[in-house]
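Asks: Here is how the chains run, residue by residue.
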Amino acid sequence: AQTVTQSQPEMSVQEAETVTLSCTYDTSESDYYLFWYKQPPSRQMILVIRQEAYKQQNATENRFSVNFQKAAKSFSLKISDSQLGDAAMYFCAYRASYELSNFGNEKLTFGTGTRLTIIP
Amino acid sequence: DAGITQSPRHKVTETGTPVTLRCHQTENHRYMYWYRQDPGHGLRLIHYSYGVKDTDKGEVSDGYSVSRSKTEDFLLTLESATSSQTSVYFCAISEDPRTVRTRNEQFFGPGTRLTVL
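In the order they appear, the protein sequences are chains A and B. In this text, residue positions in the first sequence follow this note's numbering: the first is 1, and each later residue adds one. In this text, residue positions in the second sequence follow this note's numbering: the first is 1001, and each later residue adds one.
Treat the hints as calculated values from the structure; they're not laboratory data. If you're wondering where the values come from, they're calculated on a predicted model, not measured in any experiment. Please note: incorrect hints may appear among the correct ones.
To be verified - Some residues of chain A that are not near chain B, with every Cβ distance over 10 Å (derived): (1) V4; (2) M11; (3) E15; (4) E17; (5) T18; (6) T20; (7) T27; (8) Q44; (9) R50; (10) E61; (11) Q69; (12) A71; (13) S76; (14) K78; (15) L108; (16) G113.
To be verified - In silico contact screen, one side only, chain B against chain A (beta carbon under 8 Å); selected entries: (17) G1058; (18) Y1064; (19) V1088; (20) F1090.
What the hints assert, rightly or not - Beta-carbon label-pair distances, calculated as ranges: (21) B:G1016 <-> A:Q69: 46 to 54 Å; (22) B:S1007 <-> A:Q2: 29 to 37 Å; (23) B:G1003 <-> A:P41: 29 to 37 Å; (24) A:L47 <-> B:D1073: 35 to 43 Å; (25) A:E15 <-> B:T1077: 41 to 49 Å; (26) B:T1013 <-> A:Q57: 30 to 38 Å; (27) B:T1005 <-> A:T117: 24 to 32 Å; (28) B:V1088 <-> A:F64: 33 to 41 Å; (29) A:L47 <-> B:D1038: 19 to 27 Å.
Virtual Cβ for every residue (Gly too), placed ideally from N, Cα, C.
Bound-form chain A, shown alone (with noise of 0.2 Å):
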């Protein structure tokens, strides 16, 4: 079975500063999916940045890139000049690729999530 960790249960960043978020997946499979998602105070999960195993280069959108590892089956977060709305419960999530679908490896493995606070 997939296993999804991240190993800092809270992490705190001075804003306009940066913040690198860790990630570590265990998987056999070689496609596949992998993505970050925010959840802020109002609970609601917004996903922030999704990577497919199959490409070489890491993902970006906007402020927030990705550091993707694959040998490493590392993915890490980077956060540039952070905001206080960047404030959040950050949840790295695993997806089998669709190729090898099953009516069941559509479903997401979270990890159990890190809190991001931001210093004013």
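Using the hints provided, position chain B relative to the given structure of chain A.
Replies: Relative to chain A, chain B alone:
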């Protein structure tokens, strides 16, 4: 925002009572999911559906049942609620990834906070 609503948004009930949570979508997505969120566990899959009347168990399905009689509705039932089922429940939807490869995204509802006394 994806059109997903959950009802009720908050519920307090007593041990042993039946509870049904409803997820409604307006996106006509094929897949629907129920997760529970607990401190220290992230989100864990309870049940999912890959079409009308087609459902299967997730990793924490004991004590829960689901039904999907229409594309837009996915019901989660706790037949006899227990205190261990106190949690925040999220519904999610996704398109069939085999037909929409570039998507692969699950959209989440606003969540239901359930307290079992």
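Asks: For the hint 19 to 27 Å, verify it against the beta carbon of L47 of chain A and that of D1038 of chain B.
Replies: holds (21 Å)
Asks: Going by Cβ atoms only, is V1088 of chain B closer than 8 Å to chain A?
Replies: Because about 7 Å separates V1088 of chain B from the closest Cβ in chain A, which is inside the 8 Å limit, the hint holds.
Asks: Has the hinted range 46 to 54 Å been met by the Cβ atoms of G1016 of chain B and Q69 of chain A?
Replies: Between G1016 of chain B and Q69 of chain A, where Cβ atoms are some 49 Å apart, the hint holds.
Asks: With a cut-off of 8 Å on the beta carbons, see whether Y1064 of chain B makes it to chain A.
Replies: violated (15 Å)
Asks: Is the distance from the Cβ of T1013 of chain B to the Cβ of Q57 of chain A consistent with 30 to 38 Å?
Replies: The hinted range 30 to 38 Å is violated for T1013 of chain B and Q57 of chain A, with Cβ atoms some 49 Å apart.
Asks: Double-check F1090 of chain B for me: the hint is only fine if its C-beta lies closer than 8 Å to a C-beta in chain A.
Replies: Given a least distance of 7 Å, the restraint on F1090 of chain B holds.
Asks: In terms of Cβ atoms, is chain B entirely out of 10 Å range of E15 of chain A?
Replies: Holds: least Cβ distance 27 Å, greater than 10 Å.
Asks: Please settle this one: V4 of chain A was flagged as non-interface, so is its CB more than 10 Å from every CB on chain B?
Replies: The assertion about V4 of chain A is violated, with a minimum of 8 Å to chain B.
Asks: Find the nearest Cβ of chain B to the Cβ of T27 of chain A and say whether that gap is larger than 10 Å.
Replies: Holds, because the least Cβ-Cβ distance between T27 of chain A and chain B comes to about 15 Å, which exceeds 10 Å.
Asks: Hey, does A71 of chain A actually stay past 10 Å from chain B on C-beta?
Replies: holds (22 Å)
Asks: T18 of chain A clear of chain B by more than 10 Å, beta carbon to beta carbon?
Replies: The assertion about T18 of chain A holds, with a minimum of 25 Å to chain B.
Asks: Range hint 29 to 37 Å: satisfied by the CB atoms of G1003 of chain B and P41 of chain A?
Replies: At roughly 23 Å between Cβ atoms, P41 of chain A and G1003 of chain B fall outside 29 to 37 Å, so the hint is violated.
Checked against the numbered hints given earlier, the structure breaks hints 1, 8, 9, 15, 16, 18, 23, 24, 26 and 28 and satisfies all the rest.
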